[in-house]
Amino acid sequence: MAETIEELVGKEYKYGFTTDIEADTIPPGLSEDVVRTISKKKNEPEWLTEWRLKAYRAWLTMEEPHWSNLKYPPINYQSLSYYSAPKQAKKLNSLNEVDPILLETYEKLGISLTEQKRLSGIAVDAVFDSVSVATTFKETLKEKGIIFCSFSDAVQEHPDLVKKYLGSVVPYSDNFFAALNSAVFSDGSFCYIPKGVRCPMELSTYFRINASNTGQFERTLIIADEGAYVSYLEGCTAPMRDENQLHAAVVELIALEKAEVKYSTVQNWYAGDKDGKGGIYNFVTKRGKCAGAYSKISWTQVETGSAITWKYPSVILLGDNSIGEFYSVAVVNNRQDADTGTKMQHIGKNTRSTIVSKGISAGRGNNTYRGLVNIGKNATNSRNYTQCDSMLIGNKCSANTFPYIEVKNSTSSVEHEASTSKIGEDQIFYCKQRGINTENAISMIINGFAKEVFKNLPMEFAVEAQKLLGISLEGSVG
Amino acid sequence: MSEVKNHYVSEFQTFEKNGANKAPAWVHDVRKNALSVFNELGFPTTKQEDWKYTNVTPIAKGSFKYSSAPVQIGPDVVKSFLVEGTDQFVMTFVNGHLAPEHSQLSGIPNGIVVSNLIGAYSGHGNIIREYLSKYVKHQKNPFTALNTAFINDGAFVHVPANVAVEKPIHLLFISTKKESDQIASHIRNLIVVEEGAKVNFVVSYRSVGDHTNLTNVVTEIVAKKNSLVEVVKVQKENESAFHVENLHAHQHETSDVRIFSLAIGGAIARNDMSVIIDGEAAECNLNGLYIVTGEQLIDHHTFMHHIHPNCPSHELFKGILTDHGRAVFNGKVYVEPEAQKTDSKQTNRNLLLSDTAIVDTKPELEIFADDVKCTHGAAVGGMNESHSFYLKTRGITEESAKGILTVGFAAEATAKIVHPALRHHVDLMVVDHLRSKLGTANLPDIVHA
Amino acid sequence: MIEIKNLHAKVAGREILKGINLNVKAGEVHAIMGPNGSGKSTLAQVLSGHPAYEVTDGHVLFEGQDLLDMEPEKRAHAGVFLAFQYPVEIPGVSNSYFLKAGLNEIRKSRGEEELDSMQFLKLLKEKMKIVEMDSSFINRPVNEGFSGGEKKRNEILQMAVLEPKLAILDETDSGLDIDALKIVAEGVNKLKSPKNATIVVTHYQRLLNYIVPDFVHVLVNGRIVKSGGKELALELEANGYDFIKEELLQSV
Ligand SMILES: Nc1ncnc2c1ncn2[C@@H]1O[C@H](COP(=O)(O)OP(=O)(O)OP(=O)(O)O)[C@@H](O)[C@H]1O
Ligand SMILES: [Mg+2]
Chain A
1 MAETIEELVG KEYKYGFTTD IEADTIPPGL SEDVVRTISK KKNEPEWLTE
51 WRLKAYRAWL TMEEPHWSNL KYPPINYQSL SYYSAPKQAK KLNSLNEVDP
101 ILLETYEKLG ISLTEQKRLS GIAVDAVFDS VSVATTFKET LKEKGIIFCS
151 FSDAVQEHPD LVKKYLGSVV PYSDNFFAAL NSAVFSDGSF CYIPKGVRCP
201 MELSTYFRIN ASNTGQFERT LIIADEGAYV SYLEGCTAPM RDENQLHAAV
251 VELIALEKAE VKYSTVQNWY AGDKDGKGGI YNFVTKRGKC AGAYSKISWT
301 QVETGSAITW KYPSVILLGD NSIGEFYSVA VVNNRQDADT GTKMQHIGKN
351 TRSTIVSKGI SAGRGNNTYR GLVNIGKNAT NSRNYTQCDS MLIGNKCSAN
401 TFPYIEVKNS TSSVEHEAST SKIGEDQIFY CKQRGINTEN AISMIINGFA
451 KEVFKNLPME FAVEAQKLLG ISLEGSVG
Chain B
1 MSEVKNHYVS EFQTFEKNGA NKAPAWVHDV RKNALSVFNE LGFPTTKQED
51 WKYTNVTPIA KGSFKYSSAP VQIGPDVVKS FLVEGTDQFV MTFVNGHLAP
101 EHSQLSGIPN GIVVSNLIGA YSGHGNIIRE YLSKYVKHQK NPFTALNTAF
151 INDGAFVHVP ANVAVEKPIH LLFISTKKES DQIASHIRNL IVVEEGAKVN
201 FVVSYRSVGD HTNLTNVVTE IVAKKNSLVE VVKVQKENES AFHVENLHAH
251 QHETSDVRIF SLAIGGAIAR NDMSVIIDGE AAECNLNGLY IVTGEQLIDH
301 HTFMHHIHPN CPSHELFKGI LTDHGRAVFN GKVYVEPEAQ KTDSKQTNRN
351 LLLSDTAIVD TKPELEIFAD DVKCTHGAAV GGMNESHSFY LKTRGITEES
401 AKGILTVGFA AEATAKIVHP ALRHHVDLMV VDHLRSKLGT ANLPDIVHA
Chain C
1 MIEIKNLHAK VAGREILKGI NLNVKAGEVH AIMGPNGSGK STLAQVLSGH
51 PAYEVTDGHV LFEGQDLLDM EPEKRAHAGV FLAFQYPVEI PGVSNSYFLK
101 AGLNEIRKSR GEEELDSMQF LKLLKEKMKI VEMDSSFINR PVNEGFSGGE
151 KKRNEILQMA VLEPKLAILD ETDSGLDIDA LKIVAEGVNK LKSPKNATIV
201 VTHYQRLLNY IVPDFVHVLV NGRIVKSGGK ELALELEANG YDFIKEELLQ
251 SV
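Residue numbers (my numbering), protein chains in the order written: chain A, 1 to 478; chain B, 1 to 449; chain C, 1 to 252.
The hints are simulated quantities; they were obtained by calculation from the structure and are not laboratory data.
The beta-carbon is built from N, C-alpha and C at its ideal position, and this holds for glycine as well.
Check the hints yourself; a few may be wrong.
Said to hold, decoys possible - Looking from chain B toward chain C, a few residues come up when the C-beta cut is under 7 Å (computed):
hint, residue
1, W26
2, S386
3, H387
4, F389
5, Y390
6, T393
7, R394
8, G395
9, S400
10, I404
11, E412
12, A441
13, N442
14, P444
15, V447
All chains, please: the whole structure from these sequences, using the hints.
This is the structure in structure tokens:
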């Protein structure tokens with residue numbers, strides 16, 4: 001039975017191909033000059049160049065954090081290239097100008113950038129290595145006043161918004177990787193939903209690392225103005241390469257009064273091979289701020305890729321009656337190592353947060369949930385509920401749970417529950433007794449285990465996520 | 001910080017010169033080694049993960065001195081600390097020194113050793129040498145290093161194979177004021193329970209007076225195959241006192257160890273309680289209750305280490321907090337790859353009765369075996385509303401509902417104590433303490449089913 | 001005894017009771033029946049003052065007093081008793097202490113002497129006979145680990161001890177075995193007097209064979225849509241709620 005399960009969890013990585021495209025890549029190394037070069041290439045205003053330099057200087061004083069459970073060899077930050085962009089016409093006027101090789105690449109990844117072919121429900125910003133190559137449905141969104149574009153375009157076209165919110169949730173000095181990102185970030189997505197607007201379609205960014213020996217440092221900034229709503233999806237893949245690649249992104253979400261931001265991720269970076277060779281080092285800082293009363297931020301993540309994951313999508317519950325949510329499925333197999341979780345900082349009154357984390361460990365994988373629930377003195381009548389379950393498949397893997405709970409007033413309540421168990425023999429037997437074969441029984445059980453999280457994903461994504469776990473609802477084992 | 005260290009180095013020199021030379025030569029080596037470890041570590045800071053929520057600066061800043069001469073206390077005081085209504089063997093220590101006049105050890109059956117450590121070196125030196133400082137590691141814990149550097153006296157208990165000690169053994173540690181000094185008692189206890197033996201302990205830490213002393217204890221318990229050991233720790237020193245204990249139990253196969261910690265005293269009380277389950281089908285129950293009032297800080301750090309298959313472990317720690325009380329709980333369950341069929345449950349529940357109390361809790365699981373059932377839960381909150389509603393529909397007022405539910409909350413923890421007289425002793429102390437601290441005289445007694 | 005007028009109540013932002021009118025006089029037994037989720041328990045909870053339920057309109061007079069204005073414990077002192085559909089478990093609090101505390105508060109409010117432990121224990125043991133409960137339950141924590149039926153018996157035991165004026169029994173029959181059903185019903189009947197009244201919420205005619213109602217009310221979707229004598233219960237048992245729903249549709 002063990003084989004079947006491992007097969008199920010460890011399907012072949014389908015997205016490991018590389019794209020041959022000429023790229024503008026700067027030589028490896030990091031210095032103030034490199035930071036200036038990046039800023040100049042992007043034709044950035046002075047204040048942003050300065051901001052990057054401040055971040056760089058802060059980074060120089062910081063040390064790479066080693067409090068996590070992750071084990072990886074030291075990263076040589078001078079051996080990486082900090083900018084790589086596919087060569088193409090400087091400014092794209094329409095999708096037709098996108099290099100066909102790129103369109104083909106995304107097509108191969110199952111992401112069609114041709115609007116006609118797209119399900120009309122999703123607008124996509126495609127980020128190839130460090131640069132946004134195409135954004136679909138821009139015009140449709142514009143009619144509603146929604147801004148959805150690459151970060152670089154936003155800097156040029158909406159500098160005021162960028163200046164106002166950049167670093168307002170994750171300051172450049174927040175942590176080692178955020179500082180690095182702030183210094184060298186290349187592109188990413190920008191999104192602004194005006195007052196009272198419900199974004200009519202899902203917005204999505206698809207990240208692709210292609211070039212070798214480069215780091216990817218994208219930056220996403222999403223602002224939902226008063227009463228606005230947006231659902232945002234993020235997907236990622238990378239080629240199979242023998243060396244490790246660094247990905248250090250920053251995502252900032254801001255929800256003003258009565259606004260809601262839903263952010264979903266299916267993270268499927270290359271995880272390395274069976275022996276742990278290659279794969280992405282994923283060090284990501286994601287944080288949302290419920291700035292206004294009655295606002296809501298919800299993170300949903302399905303983490304199946306990367307050799308190393310270091311990621312804690314968090315919510316600062318500043319506004320009274322605001323709501324934070326974190327739903328996560330993290331799967332590790334082979335030699336993968338994931339240290340992920342969330343922080344819920346309750347500051348406003350009557351704030352609520354929910355954390356549901358499902359960890360599945362197989363092979364020699366290590367899976368760690370690390371979370372913080374902090375209920376401040378003034379966050380009266382606040383509530384948190386945390387459910388944190390781990391499933392182990394095979395006895396060479398591990399599952400760890402490190403929740404920090406800090407409560408500073410008596411009108412609030414926090415409840416945390418966690419369990420670790422192996423896939424239930426009784427459940428498998430029960431299914432088999434009803435005529436279901438082992439493989440299907442296992443996929444049903446794993447699927448059921450992760451269901452609470454999947455049900456928070458938009459439909460299309462949920463299906464992809466289930467497939468990623470090697471699970472199909474029809475019962476056919478992938 | 002180096003000033004602080006110098007204080008302990010010079011203390012150590014005085015200590016080694018007078019009074020501490022009764023120990024055999026190997027103990028001196030252990031001490032010296034531990035002192036150098038302490039010198040390296042220094043007192044912990046809140047930057048260290050294990051001490052994140054417990055600031056021991058007030059302890060580090062105090063210049064606590066080793067007390068060589070014993071202090072006299074009255075027999076009535078000692079009597080008031082004993083377990084009511086039951087026969088018990090009593091061994092009393094005052095500021096870390098055996099007080100034979102307050103001990104009651106006559107009638108101990110042949111073969112069972114209940115002695116102070118110093119007194120046992122000559123007759124039982126080989127057992128002490130085998131186990132002292134064997135399982136407790138001082139390399140990482142500065143307080144344990146300090147204790148080991150100052151190893152002098154404490155309790156030594158040895159229960160031979162297949163002997164059941166009928167009466168509970170009461171190890172009573174009293175701290176008192178001595179002139180103007182702040183006294184440090186580095187108490188070292190060693191309990192070795194051989195195969196198939198059975199024994200119950202109550203270990204009390206009490207004070208006479210309201211002075212600021214440091215009680216820094218290391219207790220090592222070895223439970224051999226098939227043995228049954230229950231240890232009830234009662235920590236009720238005065239509210240200026242500092243209390244630190246590293247209690248460590250090492251369990252062999254099919255042994256059954258039950259530990260209960262009642263922590264209601266001290267300004268800062270830190271309890272490290274670790275159990276290594278080093279044998280198949282051994283069972284451990286590790287429970288506790290803390291009541292934190294005034295400006296107290298009470299910290300429990302537990303560590304349950306599963307090495308072998310088929311071992312159940314259960315932990316229930318409950319806390320009641322009021323005023324500016326601060327509680328810290330950190331419970332780690334570690335399951336090695338070989339420890340299949342581990343069944344481990346850990347629960348930490350905290351009842352907050354004031355707006356200014358603070359709880360930091362961190363239940364941790366580290367699991368490396370797949371066929372296990374491990375759960376933990378932690379909860380922090382005020383009075384359970386559906387419970388108090390139910391009581392009110394039966395005519396009970398808000399105020400008494402609060403009292404009844406608070407006592408009930410505590411009773412669920414004390415119910416875990418198996419020895420009836422010891423349980424009763426703890427129940428009385430709990431209700432007494434709650435009555436005085438909550439200012440409600442009208443609290444029910446604890447009744448167990 | 002109790003007069004409910006146009007009672008509206010909300011829970012979790014949703015209106016559940018949409019104008020209940022009901023009068024119960026001393027000596028009467030009223031049965032309330034109705035489909036799952038129609039609001040029967042909500043009515044019971046509102047009458048006993050559960051904080052999660054918000055009364056949005058209407059009023060309730062209990063022996064001339066405004067019931068809705070009173071704290072839950074004051075209602076209990078006044079003589080309102082609710083046997084819960086799902087009694088909570090309270091670890092660590094012994095059954096007997098809990099009940100003694102309640103009884104003495106109630107006695108105090110009536111200006112009666114409090115009972116000491118001995119007197120109380122004697123009373124408790126007597127009452128336990130009525131519901132045929134084993135004395136081992138005395139010191140067990142309130143409802144903790146009790147089976148479904150044991151919890152229901154415990155509710156009736158509490159009623160027997162507290163001797164309320166108005167007892168509201170919310171599905172006290174569900175989860176009881178046949179013998180227990182008789183025991184509980186007999187218990188209720190023994191406590192019945194011309195001075196007190198009972199509201200029985202149930203799904204089954206069976207219980208009403210033992211506790212014979214003077215009136216039967218059907219609660220659908222937050223309103224009492226039909227009232228009648230004890231025959232109505234038989235009719236419902238035979239036909240289900242559909243015929244009433246149909247009647248309702250026709251009358252629209
Ligand atoms: N605390 C609550 N939060 C949310 N909804 C509630 C709550 N209490 C009751 N409800 C809802 O109110 C409705 C009425 O519930 P109620 O318990 O009164 O029904 P009932 O008539 O007693 O049903 P049953 O016959 O199943 O016991 C149901 O739809 C229920 O889900
Ligand atoms: Mg009901």
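To see whether the hints hold, each was checked on the structure:
no. : hint : verdict
1   : W26  : violated (49 Å)
2   : S386 : holds (5 Å)
3   : H387 : holds (5 Å)
4   : F389 : holds (6 Å)
5   : Y390 : holds (5 Å)
6   : T393 : holds (5 Å)
7   : R394 : holds (3 Å)
8   : G395 : holds (4 Å)
9   : S400 : holds (6 Å)
10  : I404 : holds (6 Å)
11  : E412 : holds (4 Å)
12  : A441 : violated (14 Å)
13  : N442 : violated (9 Å)
14  : P444 : holds (5 Å)
15  : V447 : holds (4 Å)
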